[in-house]
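Chemist: Since the structure of chain F is provided, determine the placement of chain Z on it from the hints.
Quick note, the sequences are listed as chains F and Z, same order. Residue numbers for the first sequence follow my numbering, beginning at 1 and rising by one. Residue numbers for the second sequence follow my numbering, beginning at 1 and rising by one.
The set of hints was computed from the structure by calculation and includes no laboratory data. Just so you know, not all the hints are guaranteed correct.
What the hints assert, rightly or not - Listed below are the simulated DSS-like cross-link pairs for lysine-lysine, each with C-alpha atoms no more than 27 angstroms apart in a straight line:
1. Z:K392 - Z:K333
2. F:K42 - F:K29
3. Z:K291 - Z:K111
4. F:K94 - Z:K291
5. F:K94 - Z:K333
6. F:K90 - Z:K409
7. F:K90 - Z:K381
8. Z:K409 - F:K95
9. Z:K111 - F:K90
10. F:K117 - Z:K409
11. F:K113 - Z:K333
12. F:K94 - Z:K409
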Amino acid sequence: MNKILVCDDDQAITEMMTIMLETNGYEVKILPSGKAIQRLVKEYLPDLILLDIWMPGIGGEEATKLLKRDLDIKSIPIIIISALQKDEVKAMAKKIGADSFLSKPFDMDDLLKIVAKHLK
Amino acid sequence: MNYKNLSYFVKGLTIFAVYFITARLGLMLDAVSGFASLVWLPTGISLASLLIWGTKYWPAITLGAFLANFTEGAPILAAMGISIGNTIEAVLTAYLLKRFFNFRNSLDRLKDVFALIIIAGFFSTTISATIGVISLLSVGIVKTSLIKETWFAWWIGDMISNLVIAPLILVWAHKSHFDFSLKRLWETSFLIVLLFTVNLIIFRGFLIINPNNQPVAYMIFPPLVWAALRFGQKGAVLTSAILATISVLATIFGFGPFATSNLSDSLLSLQIFMGFIAVSGMILAAIALEKERVEERKDEFISVASHELKTPVTTIKGYAQILIAISNKANDKKALLYLHKIDEQVNRLTELVNDLLDVSKIQSGKLELEKERFDLNHLIKEVVEDMQINTKHKIILHSKSNISIVADKYLIGEVLTNLISNAIKYSPKADNILVTLTSDISNNKISIQDFGIGIAKKDFSRLFERFFRIDNKIRESFSGLGLGLFIASEIIKRHGGSINVSSVKGKGSIFTIYLPKKISYE
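Looking at chain F on its own, in the form it has when it is part of the complex (with noise of 0.2 angstroms):
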C-alpha cells in the first residue's frame, strides 16, 4: 500500500483528503505543520507528499525547499496545493522545485489522477 503525507494546517481540509485517499486505497498520514517536516519524512518515509502552501511558521515554499535538498528524499514527489490561483500555484510549484501542484478547490478526480501519475 502507498504510504502519502499530507502536510496542511487546516483540520477540515486534512479529514476530508484522508477519507478521499483511504477510500482509494492509500495509508494517509497527517501533519498539521511543516514544522520538522524533514525529520518526519525521513522517519516515515511516504511515496508521496501533498503539501499546502499557506502555513504558520514553516510554510509549503520552504519545507519543499527543504526536502529537495536532502539526498536522502529528494526523490519522493512533491504535490503542492494552495488557494492561490491556478496560474499563481502552477508558477510557484516551478519555482520552488515541486513536481506538480493542485489549486483548492480541487476536484477528488483531479486528486486521484494527479496522486496516481506521481506514484508511477
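Modeler: Chain Z alone, transformed into the frame defined by chain F:
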C-alpha cells in the same frame, strides 16, 4: 563620555549651529524693528529637530536664539526673553502634537497636516511673537507705534517657517517610500521643468506675461497639484520649499509680482501667499495618500477574504464529491442529482471568488504574464472541447492553420472560456455558438459569436468596466458580478491587444479578440 551622551552633544551642537547661522541670515533681511524677520528658518528647523529627536534638545534652541539675537545687538535681557519665547514655541508645539494629536512626521494623514497648521502655524507662533515683541518693547527697541507691525512680521515669519521648513525636514527625514525608478524619472524631469518655467514666468516675465501682475503667481498651482497628487507629501513639501526659496530670493532682488520699493512690505505679501501655497500642497498630498491607502486596504481585504473563502469551499466540494462516489456505488439517483447540484453551485462560488481575486490583482498591478510559446489554434480547440461537455449549445469552430504565438497561455485560455461561457449564458434559446480564428498582417483575430439577446449600442462603451451590469429586465435574470469582461479585456490589453464588440439587440453579439502578431507587453 559614553555613546549616548556623545550623540546628544553632537545632535545638540548641530541644532545650535544651524539655528545660529540661519537666524543671522534671517536678521540680515530687513527685519522689522531690527529683530522681527519675515524669513525665519530657525523656527521650522527647531520644531523639526524636536519632533524627530525629542524635546530634550531644547537647550540648543535657547542657546542658538540667545546668541543670534545678542550678537545682532539685542540687549542681554531682550535676547534672553526672545530665546525663552522661541524655546517655548518649539517645545510646546512638539509636545502638543505628540501628546494630543498622535502626530506622524510623515504627514501622510489629513489630521497630521491640520494639527501642524493649527498648533505650529497659528497657536505657538502667537506665543513666540508676543513674548518676543514684549521683550523688545521692555528694552525700548520697538517703538509703540510699530508694535502691531513688528508682531505681525514676527508671527508670519515663524508661521511660514513651521509650514514650509519644518514639513520639508520632517517628511524627507522620514523613511517613507519615494519612487526613484527610471519610469518616474521622465515624470520627475517634466515636473521640474514645469516648476522652473512657471517660476521664470512669475518672477522674470516671459513672452507677453507681465511679471508685476500678482495673479500670475497663481500659475504655481499646476506643478504644486501635480507634485502633491503624484509624488505624495515629499513632492508637495519640496515643491513649496523650492518655490519659497526662489520667490524670496527674487523678491529680495526686486523681481516678480511681490517686489515693491519696501522689502518688508514685499516679503509680507509674499509670505502670506506662500502660507496658502504650502497649506494647499500638504492637504492635497495627504488626501491623495489617504485615498491610496484605502484602495490598498480594499485590495488586500479582497485578496485575504477570497483565500479564506476558498478553504471551506474546498471542503464542501470535497465532501460533495465523496458523497457522489458513495451514491454512485449505491446507485442512489436522487442523491446523485442533488449532489451534482451542490457541486455545480460550489463551482459557481469558486468562479466568483476567482474573479474577485483576478480583479484585485489587476487593480493592484500584480497581474504577471507567464509567457510561453504555444499554438493558439490548439488552445482554442482545447477550450471549445472542454466547454462543449457542459452545454447543449453546439460550439462550431472555424479555424484553418496553426498559429504559434508567445503569450500567457493560461490567461488567454481564461479569456476564451469567459467569452464562450458569456455567449452560452446570453443565448439561452439559440442552438449554435461560432468561434472563428483568422489572422491578417498584423493581428490574430478570434471572434466568438452568439445568436442571443444582444446588447444595446449605448452599453458598448461601458461593457468592459469593472462591476458593470446591463440594466434591463431581460439581463436581470442573469447572475454575475460584472467582472468577467473587465478581466478579459485587461488580460488582452496586457498582451498589447484589444477586445471589440458588435451586437444587434435581439439578434446576438460578436466579441472579437485582437492579439497583435508581435505582442508588445504593457
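Chemist: With reference to the structure, classify each hint as holding or not holding.
Modeler: For each hint, the structure was consulted:
1. Z:K392 - Z:K333: The hint holds at about 22 angstroms.
2. F:K42 - F:K29: holds (13 angstroms)
3. Z:K291 - Z:K111: Roughly 14 angstroms separates the two Cα atoms, so the pair holds.
4. F:K94 - Z:K291: Not OK: K94 (chain F) and K291 (chain Z) at ~37 angstroms, beyond 27 angstroms, violated.
5. F:K94 - Z:K333: Measuring from Cα to Cα gives roughly 42 angstroms; hence the hint is violated.
6. F:K90 - Z:K409: Since the Cα atoms of K90 (chain F) and K409 (chain Z) sit roughly 12 angstroms apart, the hinted pair holds (cutoff 27 angstroms).
7. F:K90 - Z:K381: Roughly 22 angstroms separates the two Cα atoms, so the pair holds.
8. Z:K409 - F:K95: Holds: K409 (chain Z) and K95 (chain F) sit about 18 angstroms apart, inside 27 angstroms.
9. Z:K111 - F:K90: Cα-Cα ~45 angstroms, so violated.
10. F:K117 - Z:K409: Answer holds: K117 (chain F) to K409 (chain Z) is near 23 angstroms, not above 27 angstroms.
11. F:K113 - Z:K333: Holds, at roughly 25 angstroms.
12. F:K94 - Z:K409: holds (16 angstroms)
When held up to the earlier numbered hints, the structure conflicts with 4, 5 and 9 and fits the remainder.
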